[in-house]
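One letter stands for each residue in the lines below.
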Amino acid sequence: MEELVNLFHGFAVALQPFNIMVMVLGIVLGVIIGVLPGLGGANGVAILLPLTFSMPPTSAIIMLSCIYWGALFGGAITSILFNIPGEPWSVATTFDGYPMAQKGKAGEALTAAFTSSFVGALFAVIMITLVAPLVASFALQFGPAEKFAVYFLAFCSFVGLSKEPPFKTIAAMMIGFALAAVGLDSITGQLRLTFGVTHLLNGFDFLIAVIGLFGIGEILLTMEEGLAFRGGSAKINLRVVLQTWKELPAYWVTSLRSCVIGCWMGITPAGATPASFMSYGIAKRVSKKGANFGKGEIEGVVAPETAAHAAGTAALLPMLSLGVPGSPTAAVLLGGLLIWGLQPGPMLFVEQKEFVWGLIASMYLGNLVGLIVVLTCVPVFAAILRVPFSIIAPLILVLCAIGAYSVHSSTFDVVLMLVFGVIGYLLKKCNYPLAPLVLAIVLGDKAEEAFRQSLLGSQGSLGIFFSNTLVSTIMILGLVALFWSVIQQGYTRLRGAVA
Amino acid sequence: MTTGSSSKTGPTHKLVEAGITLLIALFGVIVIVGSLKAGINWGAEGPRAGFFPFYIGIFIVASSGINLWNGLRDDNDELFAEWGQLRQVMSVVIPTAIYVGAMPFTGLYLASIVFIAWFMRWLGKYPWITVLAVALGMPIVTYFIFERYFLVPLPKGPIEEWLGL
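Residue numbers (the UniProt record's numbering), protein chains in the order written: chain A, 1 to 499; chain B, 1 to 165.
None of these hints come from the bench; they were simulated from the model. Just so we're clear, the structure is a prediction, and the values are computed from it rather than from any experiment. One or more of the hints may lead you astray.
To be verified - SDA-like, lysine to any residue: derived pairs with alpha carbons at most 20 Å apart:
id, chain 1, residue 1, chain 2, residue 2
1, A, LYS429, B, LYS14
2, A, LYS353, A, LEU130
3, B, LYS37, A, THR188
4, A, LYS428, B, ALA25
With the hints as extra help, turn the sequences into a complete structure.
The structure is reproduced here in structure tokens:
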């Protein structure tokens, strides 16, 4: 009941005229970011973060989270009309969305995608409203060992659930941890890994890494692939929207299943991309029309879009309640909170009630605004994609440079951004995942602090991580997640041997 | 946009991947050396500054070793990229590096104008009028959004000083 009252207070904050304005602005910018190849949600939020420095924190986080929702919506537009997934989680949407567009059903596919995205997000926001305060109050009892165990679980989930080879995921993650360690050690106040370079005293800022790895790296990949845009026209009108809405309730089982898959994958930080693939795969196997999947089946659009949006939204639950972001974009949002002097985690619910509930209320409103904006403005957004890449690319590069410079007003950061860009291009081509690297840069300091404080309490014994039921359970869950693929293989072999 | 070359030659995936893995391992060694300098044993405040990164470095070197082994065992004869594709990539990397390098001396605006103009004219082959419109338009819009409206200062050079911006 108390949550409901808090939520109403949150709505009062989110419904202030300035906040509604930043919400619409955020959604529009987000959709543009989602539509443009080479600009993803994480990168877009990172570049635009400086714009929010002069705003109150609540308005700032509303704008940034709306950019995120917008980017999630925008990915569907390019997938369906141009067969180009603007975001990795939109890849599964191309399987049926693009064939639908080719059959002249672009309007239906887009309406189905946007509506499903909205349903997925709404489900996840309701879940956050109900669960986040409980998780946060539970997490208030955490000591350093429990805190470290939560980080351990988060990182192990990446290794176990990633589609990239596990040792590549570990290597990428450890690079992130090492970069996070550079500079002043927060416990002893000693300098480390700087090798006398004064620019490295403050360490590597993860925003610079995000802009380079995701922004510049993606542009380089696009240049290499020699992208050409060829797509169908996007006609969408009220009749098509209403007709599709009449059709959609028939797929309620698929929607509900996708919502659950999405929420689960969002909280365990597997993210929106595996959620969309898993949801599509299960829908294909279970559906009566499974054989038609890939040929332009509307259910094949509903499943991945619902799951991706539910996952993207659910990723904010661990960020708000535990201080562990569930996706790279959530990590950038977390970085934003730190910049404004807010400490994400359980204390946020106690100390910054207005902020947390304003943000949660804005998730409801932001997604509604998003649905209206994308349904009414699809042709405009599709037109952006027709601007040739040789105009878009330098503009994105300049925007990236501005974003990188603005973080600390330092031109050295712009140089770093370019270095990270080239590294991102090479790592991505060699199948190293970038998301765990970024998350490790963001969380490295906190994970290390929790680890060292735990060891200090136990006089150096690792037994502290198994010293009570709570911490042991989380650590064991982490180990299960770490060896998940091995466990799965063993189970399959065992079943084969029994059969 | 098309790639510059039709021939199917270029560095192999295996070779480049091995190179990248070795570089990552080298990074791991640097982390280990840096950690040793900072101290990896137990101090008055508990584990010393190099303790955590030391083990991170060991993880990097060990996982790189496994990745190298896996990569070399793999029967992957695919190309990493064709030479023409790499030329396309370098045609962005080199000018961007010059752009970034020039920024502290010329300021962001002048460097951006030249960079956008070069990109559109050389890679896009656009007529000068379009090139000038975009190359001048973008920095002007940037100035008003970032500096005037959101009060985010951007690097300026002698021209901006002369204009009194």
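Taking 20 Å as the top limit, are the C-alpha atoms of LYS429 of chain A and LYS14 of chain B close enough? 11 Å, holds
Keeping to a limit of 20 Å between CA atoms, is the pair of LYS428 of chain A and ALA25 of chain B held or broken? Holds, because 17 Å separates the two Cα atoms, which is no more than 20 Å.
Is the hinted pair LYS353 of chain A and LEU130 of chain A satisfied, with a Cα-Cα distance of at most 20 Å? The given pair, whose Cα atoms are some 15 Å apart, holds under the 20 Å limit.
Hint consistency between LYS37 of chain B and THR188 of chain A [alpha-carbon to alpha-carbon, up to 20 Å]: 14 Å, holds
Consistency note: the structure conflicts with none of the earlier hints.
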